[in-house]
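Residue numbers (my numbering), protein chains in the order written: chain W, 1 to 848; chain H, 849 to 969.
Any given hint could turn out to be false.
Coverage of chain W stretches by chain H, computed from C-beta distances (three or more under 8 Å per stretch; other residues unrestricted) [claimed, not checked]: (1) 38 to 49; (2) 195 to 208; (3) 731 to 740.
Derived lysine to aspartate or glutamate pairs resembling EDC-like cross-links, with alpha carbons at most 20 Å apart [what the hints assert, rightly or not]: (4) W:Lys800 <-> H:Asp934; (5) W:Lys670 <-> W:Asp722; (6) W:Lys800 <-> H:Asp868; (7) W:Lys201 <-> W:Glu218; (8) W:Lys324 <-> W:Asp752; (9) W:Lys451 <-> W:Glu623.
Since the hints were derived computationally from the structure, they do not count as laboratory data.
Don't be surprised by glycine CBs; every beta carbon is placed ideally from N, CA and C.
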Amino acid sequence: MSPRHRKTLVVAGHGMVGHRLVQAAIERGLTETHDIVVVGEESRPAYDRVALTSFFEVGADELSFLPSGEYDDPRVRLVLGTTVDGFDPETRTVLLSDGQVIAYDELVLATGAAPFVPPVPGHDLDGCFVYRTIDDLEAIRDAAATATVGAVIGGGLLGLEAANALAQLGLETHVVEMAPRLMAVQVDDAGGAMLVRHIEKLGLHVHTGARTEQVLGEERVEGLALAGEEPVPAEVVVFSAGIRPRDQLARDAGLDVAERGGVLVDERCRTSDEHVWAIGECAAPDGRMYGLVAPGYAMAEVVVDALLGGPGAFTGADMSTKLKLLGVDVASFGDAFAATDGALELVYADAVQGVYKKLVISADGRQLLGGILVGDASAYGVLRPMVASGIALPDNPEELILPVGRGGAEIGLPDEAQVCSCNDVTKAQILEAVGEGGACDSPSCVTKCTKAGSTCGSCKPVVKRVVEEFFAAQGKVVDKSLCEHFAMTRQELFDVVAVHGYTRFDDIIEAHGRGRGCDICKPTVASILASQLNGHVLEGPTRTLQDTNDAYLANIQRNGTYSVVPRIPGGEITPEKLIVIGQVAQDFGLYTKITGGQRIDLLGARMEQLPAIWRRLVDAGFESGHAYGKSLRTVKSCVGSTWCRYGVQDSVQLAIDLELRYRGLRSPHKLKGGVSGCARECAEARGKDFGVIATEKGWNLYVGGNGGATPAHARLLAGDLDTETLVRYLDRFLMYYVRTADRLQRTAPWIDSLDGGLERVREIVVDDALGLGSELEAAMARHVDGYFDEWKETLDDPDKLARFVSFVNAPDTPDPHISFRSEREQAVPEDSSGPVSLGTTIPVGAPR
Amino acid sequence: MSTSTDATVLTGYTLVCRVDQIEVEGGVAALVDGVAVAIFRTHDGNVYAMSNYDPCSRASVLARGIVGTRGEIPYVASPMHKQAFDLRTGQCLDDAAVRVPTYDVRVTDGMVHVGGPRQET
């Protein structure tokens, strides 16, 4: 088709659904024939509104669907910060707020919905907010900075999300709900009561059956007047009393709208004008509005299909919901209220554990119609597809909701079962992705390729199980073996060593492995033994297990020489010590360079020179910096409140304390820390495995950051901690990582690999949900007490020193292969000719 | 590999060290006729010698590698980039085109003697 025959598709709205439509249009080739203009009212491109609450934690970039700000396809033009003010179905033109008029062939309305603010007196006072956009959240955050009490009007799904946000911001939080229970649309009275118990245990105040009569205050909000109850104090009020479709454009243009609002569309999502379509929350297929993202996505696909001449139709949607609110699992699916004639209810409740589960079953007991889960929604992934696919219930359906230890069973899903309801992915599609036609070899790859689990994430455990079951059936079990010598993971090996109290590799491989080990399992065992026993890594038989750098307590360089990095805790060093480093470098002819971790690297030492260099450094009060180990490297700091006019805490002191506390801790991969003395974050602490940032009230602790090939920002684990609590959490976090991570798995991918991710870490470290806290702290205390300087101990032991010779029969003869030349007034290795082979694996961390 | 304990005169061999100076599943470097040779001792008591020079990284480092097994093959992993070399033949197990010269080695009365480079068979 020649360019002049190209058509123009205008999309009004760039939210999640508008974005999905554009994506589908690009993927399915609609842009071959259509130019697309997308008009978005917010200054940001589309972002993940479902995960809005995590904005405070991860920031706007993490939520964005289009971080680059534009689509890859040049035929799509994105206009942001602009509204569509109107359109004329006669001339087929839209008018934008900046005065542009754009002619369209097809127009898609994806304007979404607006929060409903009930017209109570005072609803427009300063301090009143809604909860819909990142701008709303930024405004709430600013207001919360000077407030101590907040209230949310509305105890539905979004209201509880908003309450979660206020609580996260450190406010004492009230939830005011007019209905007699929370989440009235999704859960029944008993489930709602269980939810209230959970939420009150977290310190929030819940007022159900409470009608707000007035928002109190002169200019600023001071509280809420409730009918028949004491007033509730509040300096921040968030309205979350439902949403209303934004259908004004359609009304103005004379299109049909539904009785209860929303642009009336047919099952192809076409409005009463044949060239205008509506999708998402602004649309009302068959007169009904859908306030969830999955139906919106389905509508977007239907419209793209229709424009391509396909037969797709929107015939209603699964309104199932699963979410974690304030740490409480809540799920509701299918006919949750037993509205079907003759439906039976099967209830399991455990008030002590705070678990409520209800199944709704057909009158003949054969089919699952729906259900409600509060406190433990782990069965959701299996139950919801059972409703959708109508497979027969087992003879004892109660097993589906009983705890596993009491007879709970897992149920196989039929191929046609929809696993991901957000993106409409069936089990069959997942099997296709991992099967012969597909190329996926892992659950995360399946999520990437099929989108299953990429939106709300609630089906991820099921995706994982489907993939693992498939590989198991194929005989190619997802191999978690460490190597050919040990058919177990690092974590399993760690536990085996701990349980049996092994101290020697030979005993471990004889009892639990085969062969004589390799360059993978030997260093892994060495690291595990070092973590558990705190012994010297060059002691006796463990010496030959050590990886390249640990074996010589220095970092090997390309010409076979080593670099030496003494510890400089927190990057603080006296002039006297600086001079010693300079003199040592001068005397041994070493190349010096400042590292990224605020210390000094001395390069070009021949192996036989290392003891003499260490002797000089140790005598001057230095110790090993463990730059060679899979262990703590540095804790970087800014100058902090001692010098900096912005600093609010002494970041240098804390960095030194932390570095000295965790020095020498052997871990699955290297560990780095950082401490910043204020929110300006000059120590780049969020680029570290653990980062601490000072606040007015204490310290914020971030975990899971790293630089390198796959950079990651650390995420907030806990805020405003006193130093003692901070150290306790760090002890637990690091020791849990040491125990459970895979070999060469840094903290960021480790956190991602846990079921529940960062939330799981928080449960273990902060809430101590597994009761492991004191055990992990005790293990760390043993490490701290048992610390010694590896360099000094080596110097004191002739057995260990004996290995530091160039040749066993010519101990003082330098290796003739090593030679240097001068560059920028320092010694550097003589060029070897051409690039060297890096071998089959590049020895950096495992890919994420 | 040829390990023997008979006390014949070893012409063409250089005495380099006592066998107990080599850790089990460890290695040492020795200077033999001006050339760096890596000598390894395996768990079953065998002693092997090959050039210390890792042709992949172009550095003289093989004696510092980890010694283990792949299947039945005793090997050393280069400490630089982990390529594996068969201790018996010097063959690189990750790249069929790469092979490191091996040396005759004998253990007599607890002493290790290294001979000349072995001919390709």
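To see whether the hints hold, each was checked on the structure:
Given a C-beta distance limit of less than 8 Å, the hint that chain H covers the stretch 38 to 49 of chain W is violated, as 0 residues qualify and 3 are needed. Restraint check on the stretch 195 to 208 of chain W versus chain H: 0 residues with Cβ-Cβ distances below 8 Å, three needed, restraint violated. Using a Cβ-Cβ cut-off of 8 Å, 0 residues of the stretch 731 to 740 of chain W lie near chain H, which falls short of the minimum of three, so the contact claim is violated. For the hint pairing lysine 800 of chain W with aspartate 934 of chain H, the CA-to-CA distance comes to about 28 Å; that exceeds 20 Å, so the pair is violated.
At roughly 26 Å between alpha-carbon atoms, lysine 670 of chain W and aspartate 722 of chain W are farther apart than 20 Å, so this suggested pair is violated. Distance check on the hinted pair: lysine 800 of chain W and aspartate 868 of chain H sit about 14 Å apart at the alpha-carbon level, within 20 Å; holds. Between lysine 201 of chain W and glutamate 218 of chain W, the direct Cα distance comes to roughly 33 Å. Violation of the 20 Å bound is thereby established for this hinted pair. Of the pairs offered as hints, the one joining lysine 324 of chain W and aspartate 752 of chain W holds, with about 17 Å between alpha carbons and a cut-off of 20 Å not exceeded.
For the given pair, lysine 451 of chain W sits about 50 Å from glutamate 623 of chain W by alpha-carbon distance, which is inconsistent with the 20 Å threshold.
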